[in-house]
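Whole structure, please, built from the sequences with the hints as guidance.
Those sequence lines, one after another, are chains A and B. The first sequence begins at 121 in the numbering used here and counts up one residue at a time. The second sequence begins at 614 in the numbering used here and counts up one residue at a time.
Keep in mind the hints are simulated off the structure, nothing from the lab. Keep in mind that a hint or two might mislead.
Said to hold, decoys possible - If you only want the chain A side, here are some residues facing chain B, beta carbon under 10 Å, derived:
1. Tyr171
2. Phe181
3. Leu185
To be verified - Here are some chain B residues the structure puts well away from chain A; computed CB gaps all over 12 Å:
4. Gln641
5. Pro684
6. Thr690
Keep in mind that this is a model prediction, so the values were computed, not measured. Yeah, the Cβ is synthetic: ideal placement off N, Cα and C, and Gly gets one too.
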Amino acid sequence: QKEVEQNSGPLSVPEGAIASLNCTYSDRGSQSFFWYRQYSGKSPELIMSIYSNGDKEDGRFTAQLNKASQYVSLLIRDSQPSDSATYLCAVNNSWGKLQFGAGTQVVVTP
Amino acid sequence: SAVISQKPSRDICQRGTSLTIQCQVDSQVTMMFWYRQQPGQSLTLIATANQGSEATYESGFVIDKFPISRPNLTFSTLTVSNMSPEDSSIYLCSVYRDSAGNTGELFFGEGSRLTVL
Numbered sequence: 121q122k123e124v125e126q127n128s129g130p131l132s133v134p135e136g137a138i139a140s141l142n143c144t145y146s147d148r149g150s151q152s153f154f155w156y157r158q159y160s161g162k163s164p165e166l167i168m169s170i171y172s173n174g175d176k177e178d179g180r181f182t183a184q185l186n187k188a189s190q191y192v193s194l195l196i197r198d199s200q201p202s203d204s205a206t207y208l209c210a211v212n213n214s215w216g217k218l219q220f221g222a223g224t225q226v227v228v229t230p
Numbered sequence: 614s615a616v617i618s619q620k621p622s623r624d625i626c627q628r629g630t631s632l633t634i635q636c637q638v639d640s641q642v643t644m645m646f647w648y649r650q651q652p653g654q655s656l657t658l659i660a661t662a663n664q665g666s667e668a669t670y671e672s673g674f675v676i677d678k679f680p681i682s683r684p685n686l687t688f689s690t691l692t693v694s695n696m697s698p699e700d701s702s703i704y705l706c707s708v709y710r711d712s713a714g715n716t717g718e719l720f721f722g723e724g725s726r727l728t729v730l
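And the structure:
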């Protein structure tokens, strides 16, 4: 059974601080990894994709991938109240058939 | 990305009835998928909508319960049949934009929130 594991949270982060989200996966053959943001009552929105080991930065977001450790993380710098949402880690097992983690709820407090 | 329109956006349904959800994409896509998100849960893949042929269902999902149509490369429907309260979920249409070296990305429609009484 392929699994994607995330801490459920909630992760409480002061405004302006860095939020750190972690995700582990069980399928060593996975090649593509994604972070989605989901606001309450809304559909998931893709915010980051990463395919190679190392860091990938996009604005205030940095995704980190370590395939040897089967670990992918997301850092949110200078957290804002608008970043309060559930963040879903997803792993591409086969051409668009993503497996999702349970999600980490992030709450940014003013 | 892609513009993916779903309707209805939400509905309240009676037990035993069926409802069809429509998904329209603004451009042709090869791969379309239907996901379900039950209350407080993460996303689960229901099936791959194949153009011109029967959908491919994931374990735990069957065609009689979730018939899917895909008449062309921009449109698909998902029917939730003989609904029970356990079918109360958000149903999400998604499209996969593939790039070289399996670096594609999956995008979601706005979702259809069904409540079954």
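Right, here's what the structure says about each hint:
1. For Tyr171 (chain A), the interface hint holds, since its Cβ comes within 10 Å of a Cβ in chain B; the closest pair sits about 5 Å apart.
2. Because the beta carbon of Phe181 (chain A) sits about 15 Å from the nearest beta carbon in chain B, more than 10 Å, this interface hint is broken.
3. Because the smallest distance between the Cβ of Leu185 (chain A) and any Cβ of chain B comes to about 13 Å, over 10 Å, the interface hint for this residue is violated.
4. The claim that Gln641 (chain B) is not at the interface with chain A holds, since no C-beta of that chain comes within 12 Å of its own (minimum 15 Å).
5. For Pro684 (chain B), the requirement that its beta carbon stay farther than 12 Å from each beta carbon of chain A is met, with the minimum near 20 Å.
6. No beta-carbon of chain A comes within 12 Å of the beta-carbon of Thr690 (chain B); the shortest separation is about 18 Å.
In this structure, the hints that do not hold are numbers 2 and 3, in rising order.
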